[in-house]
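Listed here are the chains, written in short residue letters.
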Amino acid sequence: MKDNQLQLWRQLAGLSSIGITFAAAIAIGAGIGIVLDRWLETSPWFTILFFLFGVAAGFMNMLRDLKRWGR
Amino acid sequence: MEHHPTIFQIPNFLGVLGIPGPWVPEHVTMAWLVMAILVSLSYLATRRLEAVPGTMQNFMEVVVEAFGNLLEQMIGPKGKRYLPLIGTAGLFILVGNLLGTIPGLKPPTANLNTTGALAITVFLSYNYFGIREQGIVGYLRHFCGPVLWLAPIIFPIELIGHLARPISLSIRLFGNIFGEESVIAILLSLIWLVIPYAIYLAVMMPLSLFTSVVQTFIFVMLSMVYIAGAVQVEHEEHH
Numbered sequence: 001m002k003d004n005q006l007q008l009w010r011q012l013a014g015l016s017s018i019g020i021t022f023a024a025a026i027a028i029g030a031g032i033g034i035v036l037d038r039w040l041e042t043s044p045w046f047t048i049l050f051f052l053f054g055v056a057a058g059f060m061n062m063l064r065d066l067k068r069w070g071r
Numbered sequence: 001m002e003h004h005p006t007i008f009q010i011p012n013f014l015g016v017l018g019i020p021g022p023w024v025p026e027h028v029t030m031a032w033l034v035m036a037i038l039v040s041l042s043y044l045a046t047r048r049l050e051a052v053p054g055t056m057q058n059f060m061e062v063v064v065e066a067f068g069n070l071l072e073q074m075i076g077p078k079g080k081r082y083l084p085l086i087g088t089a090g091l092f093i094l095v096g097n098l099l100g101t102i103p104g105l106k107p108p109t110a111n112l113n114t115t116g117a118l119a120i121t122v123f124l125s126y127n128y129f130g131i132r133e134q135g136i137v138g139y140l141r142h143f144c145g146p147v148l149w150l151a152p153i154i155f156p157i158e159l160i161g162h163l164a165r166p167i168s169l170s171i172r173l174f175g176n177i178f179g180e181e182s183v184i185a186i187l188l189s190l191i192w193l194v195i196p197y198a199i200y201l202a203v204m205m206p207l208s209l210f211t212s213v214v215q216t217f218i219f220v221m222l223s224m225v226y227i228a229g230a231v232q233v234e235h236e237e238h239h
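Taken in order, these protein sequences are the chains called A and B. Residue 37 in the numbering used here is what sits at position 37 of the first sequence, and the numbering runs on without skipping anything. Residue 144 in the numbering used here is what sits at position 144 of the second sequence, and the numbering runs on without skipping anything.
Since the hints were derived computationally from the structure, they do not count as laboratory data. Fair warning: there could be bad hints in the mix.
[What the hints assert, rightly or not] Lysine to aspartate or glutamate pairs mimicking EDC-like chemistry, simulated, CA-CA at most 20 Å apart:
(1) Lys78/B with Glu133/B
(2) Lys80/B with Glu133/B
(3) Lys80/B with Glu61/B
(4) Lys80/B with Asp3/A
(5) Lys78/B with Asp3/A
(6) Lys78/B with Glu65/B
Just so we're clear, the structure is a prediction, and the values are computed from it rather than from any experiment.
Work the whole structure out from these sequences, hints included.
What follows is the structure, given as structure tokens:
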């Protein structure tokens with residue numbers, strides 16, 4: 001396959017996953033937090049903490065993907 | 001929505017394992033059908049290997065070559081090591097998606113269980129490849145970021161970021177194929193109105209062929225990107 005065609009397909013794959021990865025990261029972060037809170041009975045601290053981690057992870061993935069493929 | 005049974009149904013002989021219902025679940029039957037197709041194709045192609053390939057052998061050689069070249073372009077000269085995983089996943093998804101265009105059959109990838117299994121396989125594999133290439137300490141160090149005192153914050157963020165990957169892989173494939181399949185099912189249930197049939201032939205048929213190929217390509221492409229990222233992280237930081 002030609003190089004610029006390959007680049008196009010890579011961009012399609014990478015950029016089409018930005019939105020769903022962002023949402024999934026937040027959901028996983030919140031999920032881990034809720035599970036930890038149930039287990040350690042420290043509601044709501046771990047939920048808040050891991051929700052923020054999830055948001056940070058989502059943004060980090062998004063910025064990384066944009067930097068790599070958004071050219 | 002009305003439930004359309006598929007042509008093939010296998011009696012549920014797995015009841016002892018606690019699987020309910022009189023039939024084996026639809027997507028499992030269809031997955032087995034895909035496996036049967038792939039196994040018989042491979043058998044037919046490799047039954048008599050010749051230096052001057054016949055039709056079947058030629059066809060399969062072209063397919064395998066295409067995957068191999070793609071891997072070498074994406075991952076580097078060592079890329080062909082990952083051909084078994086990527087090639088199998090790609091062919092399974094492609095044949096599975098295309099089953100949806102045959103009336104009476106359903107794509108196994110229109111069920112989250114199938115796509116979830118594929119995505120988890122890819123997820124575990126690329127982590128294993130990363131550990132195999134760099135050792136467990138070297139691989140985990142890339143999770144901790146460049147500055148040591150930031151590691152307790154960066155580590156969970158990276159971990160969550162990686163865990164989001166199989167979810168996005170599986171949900172994208174499932175959502176696209178399931179949505180396409182649902183639209184086709186609704187159109188075909190209104191077939192007595194004639195116009196939906198025209199829409200089905202003129203719009204949905206080409207569209208579903210297109211989505212099948214594109215979704216396969218995206219899954220394979222992203223798997224390769226993840227493997228490349230796990231295997232050669234140093235290379236990534238240079239550019």
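Original post:
Which numbered hints turn out to be false for this structure?
Top reply: The structure conflicts with no hint, since it agrees with every one listed earlier.
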